[in-house]
Amino acid sequence: MNDFTIIRRSLTARSLSTVFTTLSVAVAVGLMLVLLMMRDSGRKAFERGSGNMHLLISAESDPLTSILNSVFYANPPRRPIEWLKFQQLQRVAPWEFFIPVQMGDSYRGLPVIASTAEIFSKFKPDAEQAWKLRDGRFFEKEFEIVLGAKAAAETGLKLGDEVALTHGAPKRGEADKDAPAPHVHDEFKFKVVGVLEPTGSAHDRALFIDVVGGWIIHAHDRREAEAHAAHGGDEHDHHDHGITTTADNLTDEDRKITAVYARVATRPGSDASAMIPPTFARLRADPTIQVAQPTQEINKLFQIVGSVDQILLAMAGVVMASSGVSILLALYNSMEQRRRQIAVLRVLGASRGRIFRLVLAESMVLGLIGSAIGVAVAFVGVRLVTAAMKERLGLVIDAGIDPRLGAIVVAGAIVLAAVAGLLPAIVAYRTSVAKNLRPLG
Amino acid sequence: MPEPALSIRDLVFKYRAAELFELRLASLDLARGEQVLLAGGSGTGKSTLLQLIAGLMDPVGGSVQIAGRDIHALHGASRDRFRGTHVGMIFQTFNLLQGFTALENVLAALMFSDLASSQHRERAESLLRSLDMQRMHARVEELSVGQQQRVAVARAVACKPSLVLADEPTASLDPENAGAAMDLIQSTCRANGAALLCTSHDPAMRPKFSRVEALSELIAGGAR
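Chains A and B, in that order, give the protein sequences.
Its first residue numbered 1, the first sequence is counted upward by one per residue in my numbering.
Its first residue numbered 1001, the second sequence is counted upward by one per residue in my numbering.
The hints are simulated quantities; they were obtained by calculation from the structure and are not laboratory data.
Keep in mind the model is a prediction, meaning the values are calculated, not measured.
Here a beta-carbon is modelled for each residue, glycine too, at the ideal position from N, C-alpha and C.
Watch out, some of these pointers could steer you wrong.
Claimed, not checked - Derived coverage of chain B by chain A (criterion: at least 3 residues anywhere in the stretch with Cβ under 8 Å from a Cβ of chain A; other residues may be distant):
# : region
1 : 1093-1106
2 : 1110-1116
3 : 1191-1198
4 : 1205-1213
When you get a sec, could you build the whole thing from the sequences and use the hints?
Here you go:
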C-alpha cells in the first residue's frame, strides 16, 4: 500500500470520468505529435525524392503537378515528350545529367519507371546518398527490372523472378479516356536482376526498367492496333495477332518519354550553379514543355501547407488546453465525494501537504496515462496519414517519433495536468477534518 | 513511573464561529492500557473533546498530553504524524475508505506509521486474522456491518497507538451486537496495549468499564 494505491483506487472509483478525461489528453497529445511529426518528416520526404536534380522537365500543365507526378508518382503523367524534343532540349545547356524518364506502366499497382542506366549512376534520390543495391545489380538491357525496397517488400519478388507489366495507367481520369485500358503484357517477361536499399523516398515503391523495354511495350501495342485495323476488327480487341516486337521495330512514335531529370553542370562538391536561373528561364520560354525547380516547388507547397499546419497546431493546442480543463473539472467535482476520504486519511496521519501532493499526483497520472495513449494514437495516426499520403500523392513519408519532440509534448501534457490539478489539490488541502467526519456521535 | 496514556489539564475550547459553545475540562488522566467510558447525552461535547484530544481541533488554552507529548505543541505534518502513530480512532459509521479492500484499509493506517514498510502487510494480515476477519481482500462496501466494524477496530490499533478514541462505536447497532462490538474493541485494545477512551450515551455499556466518567461532571460550562 502506497500513495499510488490511493491514486489508483481514486481513479477506478470514478472510472467513466477517468476514461473520458484520459482520452481527451490522449487525443490532444496524439494530434499534436502527429502534426509535428508529419511537418518535419513530410518536408524531409519531399526533399529526399527530388534528390540532386536541379530541374524537372515534363509536358504537364503546371510545375507542382509535374513534381508530384514525375518524382512522387502521384499519378502517371498525362502528356508525353517526343524523343526529338528530348534531344533538342539536351543541347540547351551543359548538363551534368539529363535523364529521360517514362512512366505509365505498372506492376500490381506500383509504378514502373523506364529510364537509362544514368538514373542509377548519376541521379541520387537523396542529395547526400546515392542508390545502393541490397541484392543483384542494376539493369543493363531491356527486359531486366530493378525493384525499389518497398516494391520488393510489397510484391515479395526476388532475384530471378519474372514479371509481366501492366501497360496503361491504373488510375484513369477524364484525360485518359482515349488511352488504351490497362492490360497485362504476358508476352514480355521482365527478369528481376536487382533490389535496392531503402532511400526513404517515393522511389522505394517503384520498379525500374530500361527505357527501351518500355518503348517496346508501346511499340507492340501500336503494331497490334495496326494489324487489327488492317483486319478491320473491333478496335478494343487488340491482341493475339502473332506479332513479335523487338527494339528493331521501334519508330519515333514509340520513343516517347514523360519527364527529364536534369542537373546542370556544377563545380565539384557544389550543389548550386549560376547556370540554373538562366537555364530555367530559357526552358521556361518554351511553351511546349513545363520546367520545374523541385526545391522551389516544395517550398511553395510547404508555404501553402505551412499555414494550414499552424492552424492545426493551434487547434491541437486548444484541444490540449481543453483536456487540462476537463482534468480540473473531473478532479474538482470528485472533491465533493472525496472530502470524507481525505478527512479519514488525515485522521490516519496524512499531512495536508501529503493530501495536496496526492491530488496533484493523481492529476499528473491522468496526464501521463493520457500521454502514453496519445503516443500510441500518434503511431496509429501517422500510419494512417502516411498510408493516405502514399495512396494519394505517392509520397513515402518515413515518419518516426523524434524522442526529444515526443518527450517535450508528453512533459508538456503532464505539466498542464499538474497545473489543472492545482485548484482541486488546494481544495483537498483545505478540507476540514472535523466537518467531514460527521456524524461523529 | 511511565507517562500516562492521556493527560488533560485546564482545557478550554470555544467555537470561533459562535460563542454559543464553550468546553472547559480541568483534568482527565488515563493510565497506560486503562479503559474509560465517557458517558453523556447528545450535544454535551463528547465528539468535540475527542477531536481536541486527537489534535484535529485547537483549544483556546490548556494542554492535551498523549504518552507524555503535548499534541497541540506540535504543528502541521508533525502533529499529523504523531496522531497517526499514537492515536487510533473508531467512529460510529466506521469511516472506512470506500473502494479499498479490508486489508488496504488497515494498510492505509500503517502507511503513516514508523513501522518499516516491509512489515506492514504482515502486521495488517495478522491483526485481521486475530479478529477473525476472513474476507480481507473484499472491498469494504461488500462486507457486513459486523465485518466492517472489525476492519475499523483493526485499523485503529494497527500502529500500536498509546490511545484509542472510540466515538459512539456501538450507536448504530442493536443491543446484542452492540455488546459484542464493545467486547471486541476492549479486548483488541487490551491485546495491543492501548488505552481506550470510549464515548457512549448507551447505559448498557457502563458495566463493561471499570471506570466511567460523566462528561457533564468533568466539564465546567458545557453547552450554554
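Against the structure, the hints:
no.	hint	in the structure
1	1093-1106	holds (count 8)
2	1110-1116	holds (count 4)
3	1191-1198	violated (count 0)
4	1205-1213	violated (count 0)
Consistency with the previously given hints fails for numbers 3, 4, ordered from lowest to highest.
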